[in-house]
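In terms of the working numbering, the sequence shown opens at residue 5 and continues consecutively.
Just so you know, these hints were derived from the structure itself, not from any lab.
Misleading hints may appear alongside valid ones.
To be verified - Distance condition first, Cα-Cα at most 27 Å in a straight line; then the derived DSS-like pairs of lysine-lysine:
#1 Lys-45 to Lys-125
#2 Lys-125 to Lys-42
#3 Lys-125 to Lys-46
#4 Lys-204 to Lys-9
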Amino acid sequence: MELIKTLILLSIGFVAFFATGIDDTVAYAGSYLNNKSKDHKKLISFGIILGTLIALGISIFAGSLMAVIPSRHLIGGAVLITLGLLSFVHGKGQKYQKKEHLSKLQKHINKSRYRTHSNLKFVGLGMLLFFGTGVDDIIAYSNLIMAKGAWLAICTGVLMATFVSLIIAHFLSDKLKRFSHPERIGGGIIILIGVLLALKIL
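Assemble the whole structure, with the sequences as input and the hints as a guide.
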């Protein structure tokens, strides 16, 4: 029974990552992981992973603080449903802002190809890329941790999804660039998770 519960929590973390970050994966593929230098791609990916770890640390802290709130499953569910609805309503605007942000960082990388830069710069750019597009991820993770109280399994699921996301972005970059309305798919999944969480089905 404990194994099944752990697998469910892992799955929640895994699915939550793609629900809140499916458009980010498309952005990584289109603007970053299409970079010609393999070393730069690896360093940027490493920066994204570091950013994810920091975000999970913040989520664990925030979720633990909110764990004492009564009816936290209802609050967590309501927040996730709201995030999902916002993805539908403001999806196009958010996508444009993320593309603009990624375009600026890409220009910065292109310029740096002609100068000697330390590896830390590309790691830092990867972290900046994550935090420039991942604020909604932190909100979702902290509310899941608050509602379920099992941060280790959820965070492990998120990390697994992060690696899968980067692998997808590396190998399917051309196809992902043509992927339309990813934020709506993610929004629908987040709404579904929120409803199931509020009803204590998850």
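The hints, checked one at a time:
{"no.": "1", "hint": "Lys-45 to Lys-125", "verdict": "holds (12 Å)"}
{"no.": "2", "hint": "Lys-125 to Lys-42", "verdict": "holds (15 Å)"}
{"no.": "3", "hint": "Lys-125 to Lys-46", "verdict": "holds (12 Å)"}
{"no.": "4", "hint": "Lys-204 to Lys-9", "verdict": "holds (13 Å)"}
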